[in-house]
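Chains A and B supply the protein sequences, listed in that same order. Position one of the first sequence corresponds to residue 1 (this note's numbering), numbered consecutively onward. Position one of the second sequence corresponds to residue 1 (this note's numbering), numbered consecutively onward.
Accuracy of the hints is not assured; some may be wrong.
To be verified - Using 25 Å as the maximum straight-line C-alpha spacing, the simulated DMTMM-like pairs for lysine to aspartate or glutamate come out as follows:
{"no.": "1", "chain 1": "A", "residue 1": "K40", "chain 2": "A", "residue 2": "E70"}
{"no.": "2", "chain 1": "B", "residue 1": "K24", "chain 2": "B", "residue 2": "D35"}
{"no.": "3", "chain 1": "B", "residue 1": "K24", "chain 2": "B", "residue 2": "E11"}
{"no.": "4", "chain 1": "B", "residue 1": "K24", "chain 2": "B", "residue 2": "E80"}
{"no.": "5", "chain 1": "B", "residue 1": "K82", "chain 2": "B", "residue 2": "E69"}
{"no.": "6", "chain 1": "B", "residue 1": "K36", "chain 2": "B", "residue 2": "E11"}
{"no.": "7", "chain 1": "B", "residue 1": "K36", "chain 2": "B", "residue 2": "D79"}
{"no.": "8", "chain 1": "B", "residue 1": "K24", "chain 2": "A", "residue 2": "D62"}
{"no.": "9", "chain 1": "B", "residue 1": "K82", "chain 2": "A", "residue 2": "E19"}
{"no.": "10", "chain 1": "B", "residue 1": "K24", "chain 2": "A", "residue 2": "E57"}
{"no.": "11", "chain 1": "B", "residue 1": "K36", "chain 2": "B", "residue 2": "D95"}
{"no.": "12", "chain 1": "B", "residue 1": "K82", "chain 2": "B", "residue 2": "E25"}
{"no.": "13", "chain 1": "B", "residue 1": "K24", "chain 2": "A", "residue 2": "E36"}
{"no.": "14", "chain 1": "B", "residue 1": "K36", "chain 2": "A", "residue 2": "D62"}
{"no.": "15", "chain 1": "B", "residue 1": "K82", "chain 2": "A", "residue 2": "D67"}
{"no.": "16", "chain 1": "B", "residue 1": "K82", "chain 2": "A", "residue 2": "E3"}
{"no.": "17", "chain 1": "B", "residue 1": "K24", "chain 2": "A", "residue 2": "E47"}
{"no.": "18", "chain 1": "B", "residue 1": "K82", "chain 2": "A", "residue 2": "E36"}
{"no.": "19", "chain 1": "B", "residue 1": "K36", "chain 2": "A", "residue 2": "E32"}
{"no.": "20", "chain 1": "A", "residue 1": "K2", "chain 2": "A", "residue 2": "E57"}
{"no.": "21", "chain 1": "B", "residue 1": "K24", "chain 2": "A", "residue 2": "E70"}
{"no.": "22", "chain 1": "B", "residue 1": "K24", "chain 2": "A", "residue 2": "D69"}
{"no.": "23", "chain 1": "A", "residue 1": "K2", "chain 2": "A", "residue 2": "E32"}
{"no.": "24", "chain 1": "B", "residue 1": "K24", "chain 2": "A", "residue 2": "E19"}
Honestly, the hints are just simulated from the structure, not real lab data.
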Amino acid sequence: MKEVHVRFFAAFREAAGVELETVHTSAASAGELFNEMTRKFQGLGHEPAALVAINDEMSGWDTGLQDGDEVLFFPPVAGG
Amino acid sequence: MRNHNQGRAVERLEYEVYSPLAVKEGNAIIEEARDKFGIEQALCVHRSGDLALGDIAVVVGVASAHRDEAFRAARYIIDEVKQRLPIWKKEHYTDGDAHWVNCQHCASTHTEHAA
């Protein structure tokens, strides 16, 4: 099990009802962790164009997780 | 800032920005533009927080010896900024409702009416 710090942004934050959450997880990847979060937070759902960053670096959904990681879940971006 | 989206009148826009990564990715995009188009330098500024109708949300400036490359670089930068930067836009409608743009399954929040 790893301890990771999850942060939700924008629509994900509103859907989950929380911005920051420390979780103990056996998820092997960012994608698995997000799946776990959708089970934990009822309002949170999958978005095809969602992105993920780990420790302030853009990452992929297959990227592995380490103890202490800060995982940022971004809903589809809409800048400009 | 456009004042209509799918027939609903927009009262104001709200931009949420995750600055550490927005700046990092933004700088990466500018470096890419310099490599691709041979421009001297470029700058991009994006507003965050509340914007009123008519406000400018983003500005791209490019310095180049040749105007052709400058315009192409500017186009590249704005296209990449819109696709890659952790920035989110929330439209607040005149009827009090609000919606995060581009988020298909996101629940639209029904904001408390201030007045």
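Now the hints, each set against the structure:
1. In summary, the hint linking K40 (chain A) to E70 (chain A) is supported, as the alpha carbons are separated by about 18 Å, within the 25 Å threshold.
2. Restraint check: the Cα-Cα separation between K24 (chain B) and D35 (chain B) comes to about 17 Å, which is no more than 25 Å; the hinted pair holds.
3. Of the pairs offered as hints, the one joining K24 (chain B) and E11 (chain B) is violated, with about 31 Å between alpha carbons and a cut-off of 25 Å exceeded.
4. Between the alpha carbons of K24 (chain B) and E80 (chain B) the distance comes to roughly 13 Å, so the proposed pair stays at or under 25 Å and holds.
5. Taking the CA atoms of K82 (chain B) and E69 (chain B), the gap is near 20 Å; set against the 25 Å cutoff, the hint holds.
6. At most 25 Å may separate the alpha-carbon atoms for a hinted pair to count; K36 (chain B) and E11 (chain B) exceed this at roughly 39 Å.
7. Pair hint K36 (chain B) plus D79 (chain B) holds up; C-alpha atoms about 14 Å apart against a cutoff of 25 Å.
8. At most 25 Å may separate the alpha-carbon atoms for a hinted pair to count; K24 (chain B) and D62 (chain A) meet this at roughly 22 Å.
9. At roughly 23 Å between alpha-carbon atoms, K82 (chain B) and E19 (chain A) fall within 25 Å of each other, so this suggested pair holds.
10. For a cut-off of 25 Å, the pair hint linking K24 (chain B) to E57 (chain A) stands: about 9 Å separates their Cα positions.
11. The suggested pairing of K36 (chain B) with D95 (chain B) is violated, with an alpha-carbon distance near 45 Å, which exceeds 25 Å.
12. Our distance criterion of 25 Å between C-alpha atoms is met by K82 (chain B) and E25 (chain B), whose separation comes to about 11 Å.
13. Simply put, K24 (chain B) and E36 (chain A) have alpha-carbon atoms about 29 Å apart, too far for the 25 Å limit, and the pair is violated.
14. Among the hinted pairs, K36 (chain B) with D62 (chain A) is inconsistent with the structure: their alpha-carbon atoms are about 29 Å apart, more than 25 Å.
15. A hinted pair counts as satisfied when its Cα atoms are at most 25 Å apart, and K82 (chain B) with D67 (chain A) does not qualify at roughly 32 Å.
16. Pair hint K82 (chain B) plus E3 (chain A) does not hold up; C-alpha atoms about 33 Å apart against a cutoff of 25 Å.
17. In summary, the hint linking K24 (chain B) to E47 (chain A) is supported, as the alpha carbons are separated by about 24 Å, within the 25 Å threshold.
18. Of the pairs offered as hints, the one joining K82 (chain B) and E36 (chain A) is violated, with about 29 Å between alpha carbons and a cut-off of 25 Å exceeded.
19. Between K36 (chain B) and E32 (chain A) the CA atoms are separated by roughly 36 Å; this puts the pair beyond 25 Å, and the hint is violated.
20. Our distance criterion of 25 Å between C-alpha atoms is met by K2 (chain A) and E57 (chain A), whose separation comes to about 19 Å.
21. Distance hint between K24 (chain B) and E70 (chain A) is fulfilled; the C-alpha atoms sit about 17 Å from each other, no more than 25 Å.
22. Note on K24 (chain B) and D69 (chain A): the hinted pairing holds, with a Cα-Cα distance of about 19 Å set against a maximum of 25 Å.
23. Taken as a hint, the K2 (chain A) and E32 (chain A) pair is honoured in the structure, with Cα atoms around 13 Å apart against an allowance of 25 Å.
24. A C-alpha spacing of about 22 Å is found between K24 (chain B) and E19 (chain A), which places the hinted pair at or below 25 Å, so the restraint holds.
Consistency with the previously given hints fails for numbers 3, 6, 11, 13, 14, 15, 16, 18, 19, ordered from lowest to highest.
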